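So the chains spell out like this:
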Amino acid sequence: MTILTKPQVAHVEAHLAHAGLPDGLSGELLDHLCCAIEQEIDKGSTFDAALSETLQNWPIRHLQKLHRDVRFTTKTKPMLYRISAAAALLAGIAFLSPLPWPAEADHVKTLPIELATTVNDFLFEPPTASPIAGVDMKNNLSSGFGMRTHPYFKRKVFHKGIDLKAPTGTPVMATADGQVIFAGDDGDYGISVRILHEDGYVTVYHHLHDHTVQKGDQLLLGQTIGAVGSTGLSTGPHLHYEVRKDDVPMDPLALLD
Amino acid sequence: MYSKELIKGTLRTVVLRLIDREGRMYGYQMTKRVSDLSDGNYKLTEGSLYPLLHKLVKDGMLTTETETVNGRPRRYYVITAAGRAAATDRRDEFRRFLLTMQRLLDLQPE
Numbered sequence: 001m002t003i004l005t006k007p008q009v010a011h012v013e014a015h016l017a018h019a020g021l022p023d024g025l026s027g028e029l030l031d032h033l034c035c036a037i038e039q040e041i042d043k044g045s046t047f048d049a050a051l052s053e054t055l056q057n058w059p060i061r062h063l064q065k066l067h068r069d070v071r072f073t074t075k076t077k078p079m080l081y082r083i084s085a086a087a088a089l090l091a092g093i094a095f096l097s098p099l100p101w102p103a104e105a106d107h108v109k110t111l112p113i114e115l116a117t118t119v120n121d122f123l124f125e126p127p128t129a130s131p132i133a134g135v136d137m138k139n140n141l142s143s144g145f146g147m148r149t150h151p152y153f154k155r156k157v158f159h160k161g162i163d164l165k166a167p168t169g170t171p172v173m174a175t176a177d178g179q180v181i182f183a184g185d186d187g188d189y190g191i192s193v194r195i196l197h198e199d200g201y202v203t204v205y206h207h208l209h210d211h212t213v214q215k216g217d218q219l220l221l222g223q224t225i226g227a228v229g230s231t232g233l234s235t236g237p238h239l240h241y242e243v244r245k246d247d248v249p250m251d252p253l254a255l256l257d
Numbered sequence: 258m259y260s261k262e263l264i265k266g267t268l269r270t271v272v273l274r275l276i277d278r279e280g281r282m283y284g285y286q287m288t289k290r291v292s293d294l295s296d297g298n299y300k301l302t303e304g305s306l307y308p309l310l311h312k313l314v315k316d317g318m319l320t321t322e323t324e325t326v327n328g329r330p331r332r333y334y335v336i337t338a339a340g341r342a343a344a345t346d347r348r349d350e351f352r353r354f355l356l357t358m359q360r361l362l363d364l365q366p367e
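Just so you know, the sequences run in chain order P and E.
Counting in my numbering, the first sequence runs from 1 upward without gaps.
Counting in my numbering, the second sequence runs from 258 upward without gaps.
Everything labelled a hint here was simulated from the structure, so no lab data went into it.
Owing to the predicted nature of the structure, the values given are computational and were not obtained by experimental measurement.
One thing to keep in mind: the hints can contain errors.
Derived PhoX-like pairs (lysine-lysine); straight-line CA-CA distance at most 25 Å [claimed, not checked]: (1) P:K77 to E:K312; (2) E:K312 to E:K261; (3) P:K65 to P:K77; (4) P:K65 to P:K75; (5) E:K261 to P:K65; (6) P:K43 to E:K300; (7) P:K65 to E:K312; (8) P:K154 to E:K265; (9) P:K156 to E:K261; (10) P:K77 to E:K289; (11) E:K261 to P:K138; (12) E:K312 to P:K43; (13) E:K289 to P:K65; (14) P:K77 to E:K261; (15) E:K315 to P:K75; (16) E:K300 to P:K156; (17) P:K215 to E:K315; (18) P:K215 to E:K312; (19) P:K6 to E:K315; (20) E:K300 to E:K312; (21) P:K77 to P:K160.
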């Protein structure tokens, strides 16, 4: 039975430190990864080979996803149940109350519906990451979501996504796990990638310089899909980024709050 | 290897039963035990195991004990009375489910 030495454990610890996990989970995963490495060594592997294989199976984004999943099942989900229960109760009271509703009652009646929408919005985490690593979407906006004057046609049209300024060649990444449903030239939109996520979310990336993923590829959050460019009807290098839910465009910045 | 859906639907039953039988276990030990018992067909991924364990602790089915083993802290999960009751209930339910499936799918022992 192999037992890792302190310096060997420190290698694993350093890797975990990159993920920025809370101490409890980090310590637990440290033991898990060390056990996995020890077993590989027992099977005849060297420490270096076992370490590199184990860490490859555990990239930072997997660790972070695990942390999110733990948080979701232990905190968010129970909270959602409480919100739905409260919403149902309010709806019940509003519905069963024999009083004729005065004008102000409208407020009470709509409340449960608002809460219910909130619940639906949060059941699956919508894509909230920035498509350009380390770049805050709000600070690098060159054109927001909604009505605007089109830079090419000079008339008012609805802008279905946001434009982020970035130099040509800046890597663009998937903002949530999903499957590529389109990758290629999309006419006026230039080289584009579309990714289908859980629960009817689709993210769209236009005017790319190139794409490094293909239709059908399964992607993880943070995986590079291509680079910023100015292909199609574009006046300069930028990324047009859209989030759609059931084919309705949403403001990606609104999802952040 | 079994499909994700089947594993998702049975994970809680399997984990509760394992810890119930052993009294206490740690994460890696569970993945190893499940893999051995199922000849590698039932893949208990860490990505689903740890969120479940933390949830079961929160629900009072398990408690944890930390001990230093091989020079590093190891977190053991210990079953509570409520956990034992849930493990038994789930196991019984699954037994009935198996018999129902046997009839529904017209399965004959090979």
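- Item | Straight-line alpha-carbon gap K261 of chain E to K138 of chain P, limit 25 Å | Outside the cut-off at roughly 38 Å; violated.
- Message: Given the hinted pair K77 of chain P and K160 of chain P, is their Cα-Cα distance within 25 Å?
- Response: 31 Å, violated
- Task: Would you check the hint for K312 of chain E and K43 of chain P, treating anything up to 25 Å between C-alpha atoms as holding?
- Result: Status violated; Cα separation ~33 Å.
- Query: Would the pair K65 of chain P and K312 of chain E pass a check requiring their Cα atoms to be no farther apart than 25 Å?
  - Reply: 16 Å, holds
- Straight-line Cα separation of K300 of chain E and K156 of chain P no greater than 25 Å? 54 Å, violated
- Take the C-alpha atoms of K77 of chain P and K312 of chain E, compute the straight-line distance between them, and say whether it is at most 25 Å. Given that 25 Å is the threshold and the Cα spacing comes to 10 Å, the pair holds.
- Is the hinted pair K215 of chain P and K312 of chain E satisfied, with a Cα-Cα distance of at most 25 Å? 36 Å, violated
- Task: Please work out if K65 of chain P and K75 of chain P have their alpha carbons no farther apart than 25 Å.
- Result: 15 Å, holds
- Query: Does the alpha-carbon distance linking K312 of chain E and K261 of chain E stay inside the 25 Å limit?
  - Reply: 19 Å, holds
- Message: Next pair to validate is K6 of chain P with K315 of chain E; report whether the Cα-Cα distance is within 25 Å.
- Response: 32 Å, violated
- Message: Hint check: K289 of chain E vs K65 of chain P, CA-CA at most 25 Å. Holds or violated?
- Response: 22 Å, holds
- Item | Pair hint K261 of chain E and K65 of chain P, alpha-carbon separation not exceeding 25 Å | 18 Å, holds
Hint compliance for this structure: hints 8, 9, 10, 11, 12, 16, 17, 18, 19 and 21 are not met, and every other hint is.
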